[in-house]
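> Fit chains U and B to the supplied structure of chain W, relying on the hints for placement.
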Amino acid sequence: MAEEKRQKEILRIERLTVSFAQYEAKTTQRVELPVISDLNVSVREGEVVAVVGSSGSGKSLLAHTVFGLLPQNASVSGDMFYQGMRLRTEDIMRLRGSELALVPQGVSYLDPLMKTGKQILNGRRDAVSREKMQKLFVRYGLEQGVAQQYPFELSGGMARRVLLMTALMSEPKLIVADEPTTGMDFSLATKAMEDFRGFADEGNGVLLITHDLKLALTVADRVIVFYAGTTLEEATAADFKDGRLLRHPYTRALYRAMPEHGFAALPGTQPYVRDMPKGCPFAPRCPKRGVGCDGEIPVTAVRGGSVRCVRYAKTSLPEA
Amino acid sequence: MRYIKFLFQNLVKMATLLVGVSIVAFTLVSMSPIDPVQANVGTLGYMRMTPEKKAEFASYWGEDVPPVERYLNWAGDFIRGDMGISLKYNRPVAEVVSEKFRNSLLLMCVAWILSGVFGILLGVIAGYYRDRWQDRLIKGYALLLASTPAFWIALVLLMVFAVWLQWLPVGMNVPIGMAAAEVGFLERLRHLILPAAALSLTGVANIALHTREKMIDIMESDYVLFARARGERGGAIVRRHALRNILLPAITLQFGSVSEIFGGSVLIEQVFSYPGLGQAAVDAGLGSDVALLLAITVVSTLFVFCGNLIANVLYGVVDPRIRRGGYER
Amino acid sequence: MKDKAVGAGRIKNMRRRTRVTVVCAVLLLAAVLVAGVLLGERAVQTDFSRKNVTPCIPYLFGTDWMGRDMLARTLKGLSTSIFIGILASAISALVALVLGTMAATLGKGADAAITWLIDLMLGVPHIVLLVLISYALGKGFWGVTVGVALTHWPGLCRVLRSEILQIRESTYIGVARQLGKSPWYIAKTHIFPQILPQFLAGLILLFPHAILHEASVTFLGFGLSPEKPAIGMILSESMSYLSTGKWWLALFPGLALVLVVVLFERIGNGVRTLLDPASAHE
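Protein chains in written order, with my numbering: chain W, 1 to 320; chain U, 1 to 329; chain B, 1 to 282.
One or more hints might be untrue.
[Said to hold, decoys possible] DSS-like mimics (lysine-lysine), calculated; alpha carbons at most 25 Å apart, straight line:
1) K108/B x K13/U
2) K191/W x K132/W
3) K228/B x K5/U
Simulated from the structure, these hints should not be mistaken for laboratory data.
In isolation and in its complexed conformation, chain W is listed as follows (with noise of 0.2 Å):
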């Protein structure tokens, strides 16, 4: 893991809070209601680097920002960074579709009155491009005739490969994959992740957004541990062998819901962003809640990964 670290940062997110302007019901006042507060994310050349989090937790509007697709009511503050130089709005104009590129849910993203093959080309006309889009074609084992084809007339899998390609089409350096693998069997998404994990070993980077813990270790290199829009924990995928090596309880909890550890259920739900505990999101359904729970909760870095969560902030030893 430590030569991973000197590979080169594509991007960095630090410090990202996204905020909606609502109107209050009683007093008519407008409010500002947090879905991400303070995420940090990185991804360096070379890595697939998942965020998880179960749904509502804001991690599509995390591939929105970045993309600069949010809402008019939204503001943004924090800092984003692409190869080390400040991302302003104009440079995620001129990145999204060439060196940024997204690769969304599923087949509804796609234009449905438009053939595949126009789409994946998006406009361009020349024949280099129509040659690259053969040979994608080639590499992911579709027939040309899908070109000619309507997303309807898309099987589940062809489709996520049509919208991977789009993706590909421009040579981008980071893909960010928003749930790209909704609704497909288990065997069609490992399919998806070697995909991804071909596209990072080529010096890309991969930002994986994912309910799916289990599948995302299948290809990751970091996971981020998304809660209530905010980051509860940053681990390597290797911490997963282990359940005593994750650091926060969350985690653990995530760890034990996976079949292989016990199929545990962690009761209760996710707060809503209108009624966020104060202090951490996770504490009302922490089985090791305690005092300082509802205070500033600092983000402390514990063995190569990092967590925010009091019991490492007060001693910064592993407990029992």
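Leaving out everything else, chains U and B in the frame of chain W:
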């Protein structure tokens, strides 16, 4: 093939509906306290009728003939192309209808195309600029227009452009004192402008509002979001994705609105004394010209059904999801 | 999730505003109705000493070629139109309710027949059908009212039919049926309360169409008789005088009609918003 079957089903349904309409119309006309024979005895048309024609007329409308038999007499002749004699115009009904229909068709086509083009355009703009001033302006205009009777718009246009500014003729397809054949194409066109404008203005509202809704759906769709993520900008998104997805439902809607355009034309023809089918229908109704009234009812219904049929067929032919048999609509 | 949170306050604000709009619109229409009844005398009063007066302070809408006060005539005409509109819409909505319920509950045959009937009604252009019905009934007040009532139910009927079909699918209806409740009981306690909002909003939104069509048919000469001031009649008569520059004869009565239609539209949409549980404050 599935598609042929679909077409066949549509045609059968249309035929049964048409028979239904003719029965309803015939019954209504028969119900009237106005006796067509009595009402028309004194007219020139009736007096000039040959004895056979008088017998035919009595077989449709005579009080001594049972209603069902009268209907069958009328319908039988109608299908054979004999629609009877128009007493008001003193000519065969078929002749009157075809001439008037051609006049109306010109007016309706122009209005149909204009309202379609502008309606879609305004709807796209409003939907794209949702809740901004452009949207509010267009939406307000469309909602106001939807509450405005077509004939009043026609009156206002007439007052402004014909009476006040005197740019365009007050009415009449043909200037008084001139035979129809002498009227040049340009002169006819000049007479068409105001009626067509009035009819288009009211037609725009409906299509603009529907297109706006659809445009809003599209702008919020996943595929537009993805297009933006791929670096496409506003104009390109409208051209590449929005228009592609809007045109088909909009054109279908426009074919389905033939009934409204026809209804509007009846009123507007009245205002401008435009010699079309609508004016003939009003004349026939006021003058108890029952044969003409029935014929116009059946023909206008057929016209509406054709519009609906084209709408259905168009969807099947143009939308790949149906053409290529992806799923049922 | 996000949408639900978007300003419950904004919704509440909007609801308050909607309520105010509806009340104001109802009051305004009631005022027109009352004014029309009170001004009945004045509307038909002819006075050749004041004929063709352009709009001025004593005669806001001017006077016509017989010296009749156009404002009084317009108000009287509008009140007649509103009355016919309300009557015709009520009948029409009732027909829609009965046929819609029948289509949704009496099995396939009835459904097919009623759907066919709806298609038939929508196939004939509205105006042509109105002319036919009016002709059948010998024109006049009942000719228009019945005509408008009989031509406006199909749209609402379709909505109610699909709504009822949906409600019938729900489990509690199935439970009620298994408990041996009678169809009438089920309709009364489970179906009608649920479709009431749709029905009411649909009913009110029929008014604008009804009034517009009444005016149109009268304009064409099939509606109310010439001696009754009706907006359609006023506008139809004005046509003979437009070419001589008497613009006020057509402009103000038409504007007033548009205003009435817009008010009804507002009330209908307002009622729908207020009754729609989805837009209610949680």
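> A separate judgement is required for each hint: does it hold in the structure or not?
Hint check:
1. K108/B x K13/U: Cα-Cα ~17 Å, so holds.
2. K191/W x K132/W: Holds - the C-alpha atoms of K132/W and K191/W are around 22 Å apart, at most 25 Å.
3. K228/B x K5/U: Violated. K228/B to K5/U sits at ~54 Å, over the 25 Å cutoff.
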